[in-house]
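Q: Residue numbers (our numbering), protein chains in the order written: chain A, 118 to 403; chain B, 468 to 759.
None of these hints come from the bench; they were simulated from the model. Glycine included, C-beta positions come from ideal geometry on N, C-alpha and C. Treat the hints with care, since some could be wrong.
Okay, the calculated bits of chain A under chain B, using three or more residues with CB under 8 Å as the criterion [to be verified]:
| hint | stretch |
| --- | --- |
| 1 | 336-348 |
| 2 | 380-394 |
Selected chain B positions facing chain A (in silico; Cβ < 10 Å) [said to hold, decoys possible]:
| hint | residue |
| --- | --- |
| 3 | Y570 |
| 4 | R573 |
| 5 | A618 |
| 6 | A744 |
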Amino acid sequence: MKLTIASGKGGTGKTTISTNLTSLIADMGKNIVLTDLDVEEPNSALFLQTKLSNTKISNKIVPTWESNDCTLCGKCAKNCNFNAIVAMPNEILIFPELCHSCYACSELCPTNSLLMKPTRIGEIKEFETKNFPFIEGRLDLGQEMAVPLISQSIRYTKEKYKNHIMIFDAPPGTSCPVIEASRGSDFVILVTESTPFGLNDLKLAVETMRVLDKNFGVIINRYGIGEISVEEYCLKENIPIITKVKNDKNIAKLYSKGELIYKQIDHFKNSLDEIITFIGDIKCVK
Amino acid sequence: MREVVIISGKGGTGKTTLSASFAYLAGDKAIISDCDVDAANMHLLLDANFKKQEDFFSGELAVIDEEICTNCGNCFDVCRFDAIYVKDNQHYIDKISCEGCHYCSRVCKQEAITMQTQKIGDIYVSDIKNNSTMVHAKLGFGAENSGKLVAKVKQKAKLMALQKNRDYVITDGSPGVGCPVISSLSGANLVLLVTEATVSGLHDLKRVLQVVNNFKLKAVCIINKYDLNKKMSQEIENFLKVENIELISKLPYDETFTKALAKTQTILEFDKNSQLANLVTQSWIKIKEQLK
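In isolation and in its complexed conformation, chain A is listed as follows:
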């Protein structure tokens, strides 16, 4: 089973839910793996005691110019739809950060003067924790495109842990990185909070999930503060509310120190139990 934990708005508790839920399910003796796909700002590791077990360089494939046979015809620049290649009078300039790795420039070059070669964009790291394996995608600073690293991190997880329950901690927002993190999953949990910001971003996330034709449910975090509009919206739209996590400053305090919550706060553990029951009802957890 593959489960993505996402949210439109940042800071609603995605990582808190992902890390605590994975750890609790692992405590129950299940085979489970957590993958942090928030590759721009990966945070899950801060809440786990980790021991690095493997590092894999993440590359994207971009063209490099071989001048020998090049006639400077400029077809490569015309064939690139992302302005990543500029044909100068004496040379071909390549801007790797704009490249989408479509191969058109290289494969349509009459003289084979553009060779596709890997260039580093980040790292996929695997860690052991006390009770489950943990994988993290981390984008190099200065890199603009998160999607290739997200899809590579998912592939790494699937290849290595295909019989495990897979939990993916998604990046915030509603655009391409979130879609990449959600599209292959069996179910998406959207974490929100009961504020106008939470509601506004939840609506965007819901529309995205509907475009993707994904099954999803909602967790309302910091429940009890703010107002009831999020709950009303979910009821009206027939979206399952998986659990409501009570607003509690003690959760924020434990979070600030990088500690797991469920071992210390009972009502939080109860909420996780509700999530586990809910997941069990969607599909038989292996």
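With chain A fixed as given, assemble chain B onto it according to the hints.
A: Relative to chain A, chain B alone:
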């Protein structure tokens, strides 16, 4: 005209609430731009009236004309994005996967594939509270290139500030360290980093600061929820000293943030005599000094 861009790396640190409060304080001295186009929120606090300005087009999508297509499979062979699929012996484009690279249409011998420009969002120039104006946008679902939309929103706000002779542009930036945030930072006179006293707050601050430093931009910082974890707050302060970044203010963990939000008010409207409102007002004064 001077621009301050407010970013946080991590979400939920109070970036947008603070940006809206500064916008409220600046009133008609500023033009506001919301560059968090992925999950734009600031309009909620500032009563924006969503005056549509223009459609935003970016990127392309391949479209197959089934009448002309002979299903030779050339397009399928070259697509690196698994965006072409076959159903009942007919080739189709998966709109969500298509990156708009144009490769398929270039190798189609029948010329059955055309590229269509995509409308990916709407741009608004709205009237907001306190006689001010805000440029903001709504990104289409599953659209990419939010970086380009960010650039457009910023450019519009700056142009308007020049034309209307405003002193400031206040930009609510995007989260993360990738394309949208890089776009939000370009050309800024000052970057305000809003962080919180948590392990993730510091972690994300360090990462986003490196991006800011790559552009050689001047940065200042606000630590929110500092009393949630005073040890962590001190650690952040030490880090700021080493990095030579001025600490503008430390704000307490205060449910006023959420209570004001629930009423869609800025902190200043909710209770202008509160300690928090006072701290925010002082912060804006300091930011203005830094912008000089």
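Q: Does each hint hold? Answer for all of them.
A: So, going through the hints one by one against the coordinates:
Chain B is given as covering the stretch 336-348 of chain A, and this holds because 4 residues of the stretch bring a CB closer than 8 Å to a CB of that chain, at least three being needed. Restraint check on the stretch 380-394 of chain A versus chain B: 0 residues with Cβ-Cβ distances below 8 Å, three needed, restraint violated. Hint status for Y570 of chain B relative to chain A: holds, with the closest Cβ pair at about 4 Å, below 10 Å. Look at R573 of chain B: its Cβ gets to within about 6 Å of chain A, closer than 10 Å, so that hint holds up.
The closest approach between the C-beta of A618 of chain B and any C-beta of chain A is roughly 13 Å, which is over the 10 Å cut-off, so the hint fails. Checking A744 of chain B against chain A by beta carbon gives a least distance of about 19 Å; that is not within 10 Å, so the hint is violated.
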